[in-house]
Each structure stands twice: as structure tokens, then as C-alpha cells.
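Trainee: Use the sequences and the hints to build the structure in full.
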Amino acid sequence: MGALLGGGGVDERPLGRARVDPPGGLEPLRVSHRAASRKLPGSTPGAVTFPCRILYAIIVGQWTSSHARGGCPVSYRTALSEVLTGLAGPVAEAAAVRGRFPRGAVTALGRAGLLGLTVSTEFGGGGRGLPEAADVVARTARVCPATATVLQSHYTAVAVIEAHGGPWLRAEIAAGRHLASLALAESGDLAKSGDLAESEGEGMGEAEGDGPAADSQLLVPRSVATRSGEVVALRARKQRVVAAGEADLYVWSSRPLTAPDGLTLWAVPAHAPDLFVPARPGAAGPRGSATSTVFADPVLVPAEAMLGADGAGLDVVLRTVLPWLLDLRAAAETRRPPVLDPALDPPLDPALDPGRDPASDPGSALRPVGFLAAS
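In our numbering, the protein residues as written are 248 to 622.
The set of hints was computed from the structure by calculation and includes no laboratory data. The C-beta atom is built at its ideal place from N, Cα and C for all residues, glycine as well. Mixed in with the good hints, there may be bad ones.
The calculated label-pair distances, taken between Cβ atoms and stated as ranges, are [to be verified]:
{"#": "1", "residue 1": "Ala343", "residue 2": "Ser367", "range": "32 to 38 Å"}
{"#": "2", "residue 1": "Asp508", "residue 2": "Ala343", "range": "41 to 47 Å"}
{"#": "3", "residue 1": "Ala410", "residue 2": "Gly346", "range": "31 to 37 Å"}
Mentor: Here it is as C-alpha cells:
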């Protein structure tokens, strides 16, 4: 089957790599990469024997087999519909009513390969782009707005990491083990910030900020970066951080180390010492999204945590962060996925789309891309 859509349409190839089954109907074995690299007696150095190649093929297929039925890769929409079916109950209710972070939803999205949807296939991700990410956000927003908000920040942060992050980090996101978020927006003069209580109070007034005025805060960071050898100290008070205290990684902005203007981006581990999340304001973002202030006093990161060149982050924000963030925000607000060709995208059983409102959104039900046969 050829390409489903052209010209910016949603790419509905199956997630992950094609599965490689062992010959002779052998059951897949869970083996380590070290075991696969062992040579049989008498083999030449550097040669991989035929049995080892079989083991390697099995290893390569492990990621896909966890997202497959009957040996066929599962499309991202099919995986999403199953996650949303589980979200329609207690997880969404706990987020909306009690303000609880949808940890179960994030875990399910990671296991389904959806946190790594936009990571390159080279690192085990889905290899998709902004249209597919917007599709996931729009459909998720129908069921759980808090989870959709988390995905907006995650996919935008991943777009930056895809362009400038290292291979280990990209592989961790692809495997669903890392939830990323943005820590870019700031308010007020850091030098006059006073104590942590004051910063928390200011965050309450601006957590709901949207639109051009709020987005302009991303362009002029006041946070300071100071380098000492191979360690950089980041001192900042970041506002409107989604999944604050829940994410595994923040894409963080600061003034440049040496460049005269612009900003610099960093990958900051959320578990780093001296990184604090105050009590979450009640009005910050959708309930359950854990939108709050993050305070670095300071946080120490290795110099290699820099994303891109020193001072080049402004271009990344303008060309990557804002386009992704605005498109994903629009998808969440309208709750409408991209329009697809119905001839190539037949309707899915409405029972598999618990968030669909047929009266207000005809023709936008979850549609399977099915299990695409090799062409």
C-alpha cells in the first residue's frame, strides 16, 4: 500500500519497526543484547553467525511486538483508542474532580508508544510529526483535558529534543520512560523575586495566561546561567510549567552563557537537587495538569545538557516551540482532529472512541488505519 496521504496529511503508518519473526515458527525469546553478540566457536572475529542474527532479529522486534496483535503492528490510532477507553473512567474523573495528575494515563500512553510518537524511528519512536501529534491531542482532549495539556507540552519539548538532544535521551522518550515538559515562561525580575512564597504568589496570577502576551514571555528569559568548568548553575523561577514535579525532564531556557543576546536551552532532569515545586495554585491550568511554578535555587546541570548552541535558543523557540505549541493548543481547544480523506480513512466503531460527540463533530470518529499490509 502506498502513502496514505500527501501534502501535510496525517501519516497513518503502523508504529515502530516491522516485526521480524524467527523461522520455523519459533517462539520469540527475551534475550539480552550481550547474549546476541556472542560468537559460536570457530566463528571469525566480527562475524555474526546465523543463529545470532536470528536472536538479533528477535531483539529488534521486541519493541514492535509489545504494540502488535497477531504479529501485525498496531497503528497509533488503534493504540490511542484503547488508552482513551481506559481514560474515560476513573483517571479522567480523578483529574477533573480531584485535580489529581493523570499518572495512569501517562503510563498507558508510554506503554502504547504514544509518548514516543514523534521520535525518530532510528531510536525506536513512531517517526510521526506535528499533524499526528495534534490528532492525538485533539482526541485526548475530548476525554481528559488534563492529559491533553500534558501532551501539548510533552510533544513540543520532544520536538526540541529531536532536533538538539542526544541519542540516549531520545531513546528513553521513544521507549515511553521519559515525560518531557517546557519550562520557558517567566514573569517579573528574578533579582527582585524575594523568597519562594512570593514567586508562588505571582505564579497564581499568570498560570492561566494564554495568547501572544503569554507566549512572548518565552522569548525573553531572565534566568541566569553560570558555568564553572563542566557544570552550569541555572537560577530561575519558571511560570506555567505543565506537569511540574511530575515530568522527568524540562526543556529550560536561560540567558546565554557568553553570547551577547538571544537565549540558551537546556535539558534539565526533574529530579535534580535544588529544583523546587511550590504548592500548586488551584487555578493553574486544567485541573489535574499539575501546572505550577518551578524554582531553581540554583540547579546544577552538566554543560553538555545544552540543547543547541549558546544563544541560539531564540531561533528554536520561534521556529519550533511556538508553531508546535500553538497548533497543539488549537487542537486541544477545538477538540477536532485533522480532516482526513474518508476513502482512505474509514470510520471506526464509535464504541472505541469514548470521547466522540457525533452530534457536534460528525465524521471525526476515530478511524482505524488498520494493520497495513506490506506493499
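Trainee: A range of 41 to 47 Å was offered for this pair. Does it hold for the Cβ distance of Asp508 and Ala343?
Mentor: holds, 43 Å
Trainee: Do the beta carbons of Ala343 and Ser367 sit within 32 to 38 Å of each other?
Mentor: holds, 34 Å
Trainee: Taking the Cβ atom of Ala410 and the Cβ atom of Gly346, is their distance within the range 31 to 37 Å?
Mentor: Distance hint for Ala410, Gly346 holds at roughly 34 Å.
The structure meets every hint from the earlier list without exception.
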